[in-house]
Amino acid sequence: MINNEELRKSIQRDDLLWIQDAAKAYDRSVKWFQERIKEGEIKAYKIPGDRKQYLLRADIEALLMPRPWTAADDAGA
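Basically our numbering = 1-based index in the sequence shown + 613.
Rather than coming from a laboratory, the hints here were simulated on the basis of the structure.
Keep in mind that this is a model prediction, so the values were computed, not measured.
Just so you know, not all the hints are guaranteed correct.
[Said to hold, decoys possible] Computed cross-link-like contacts, DSBU-like style, restricted to lysine-lysine with a CA-CA straight-line distance of at most 30 Å:
{"#": "1", "residue 1": "Lys637", "residue 2": "Lys651"}
{"#": "2", "residue 1": "Lys644", "residue 2": "Lys659"}
{"#": "3", "residue 1": "Lys665", "residue 2": "Lys644"}
{"#": "4", "residue 1": "Lys637", "residue 2": "Lys659"}
{"#": "5", "residue 1": "Lys656", "residue 2": "Lys637"}
{"#": "6", "residue 1": "Lys665", "residue 2": "Lys637"}
{"#": "7", "residue 1": "Lys656", "residue 2": "Lys644"}
{"#": "8", "residue 1": "Lys665", "residue 2": "Lys651"}
[As the list claims (entries may be wrong)] DEER-style ranges, computed between Cβ atoms:
{"#": "9", "residue 1": "Glu648", "residue 2": "Met678", "range": "17 to 25 Å"}
{"#": "10", "residue 1": "Glu674", "residue 2": "Gln647", "range": "16 to 24 Å"}
{"#": "11", "residue 1": "Asp687", "residue 2": "Gln625", "range": "38 to 46 Å"}
Glycine residues also receive a C-beta, built at the ideal position from the N, C-alpha and C atoms.
Input sequences plus hints: build the corresponding full structure.
As structure tokens, then:
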């Protein structure tokens with residue numbers, strides 16, 4: 614199992630996407646991404662000395678993968 618230190622070392626700066634750029638690239642709003650972060654569906658990252666929020670590109674791709682429709686999906690409709 615990978616601990617937080619190993620994960621931090623394995624993430625390259627090019628793997629991260631500023632939340633504003635992610636919103637544009639994936640046709641979502643910043644608020645939508647912030648809700649996913651709050652619900653624990655995706656993690657936000659920071660770069661020392663930089664106040665921006667970053668997202669891991671692989672996490673975004675995994676979050677947006679097609680999945681089967683469930684009864685829980687109807688609750689939000």
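A quick look at each hint next to the structure:
1. Lys637 with Lys651: Status holds; Cα separation ~20 Å.
2. Lys644 with Lys659: holds, 18 Å
3. Lys665 with Lys644: holds, 15 Å
4. Lys637 with Lys659: With Cα atoms ~19 Å apart, Lys637 and Lys659 stay inside 30 Å; holds.
5. Lys656 with Lys637: holds, 18 Å
6. Lys665 with Lys637: Since the Cα atoms of Lys665 and Lys637 sit roughly 16 Å apart, the hinted pair holds (cutoff 30 Å).
7. Lys656 with Lys644: holds, 14 Å
8. Lys665 with Lys651: holds, 16 Å
9. Glu648 with Met678: 17 to 25 Å: holds, 18 Å
10. Glu674 with Gln647: 16 to 24 Å: Cβ of Glu674 to Cβ of Gln647: about 18 Å, so the range 16 to 24 Å holds.
11. Asp687 with Gln625: 38 to 46 Å: holds, 39 Å
Comparing the model with each earlier hint shows no violations; every hint is respected.
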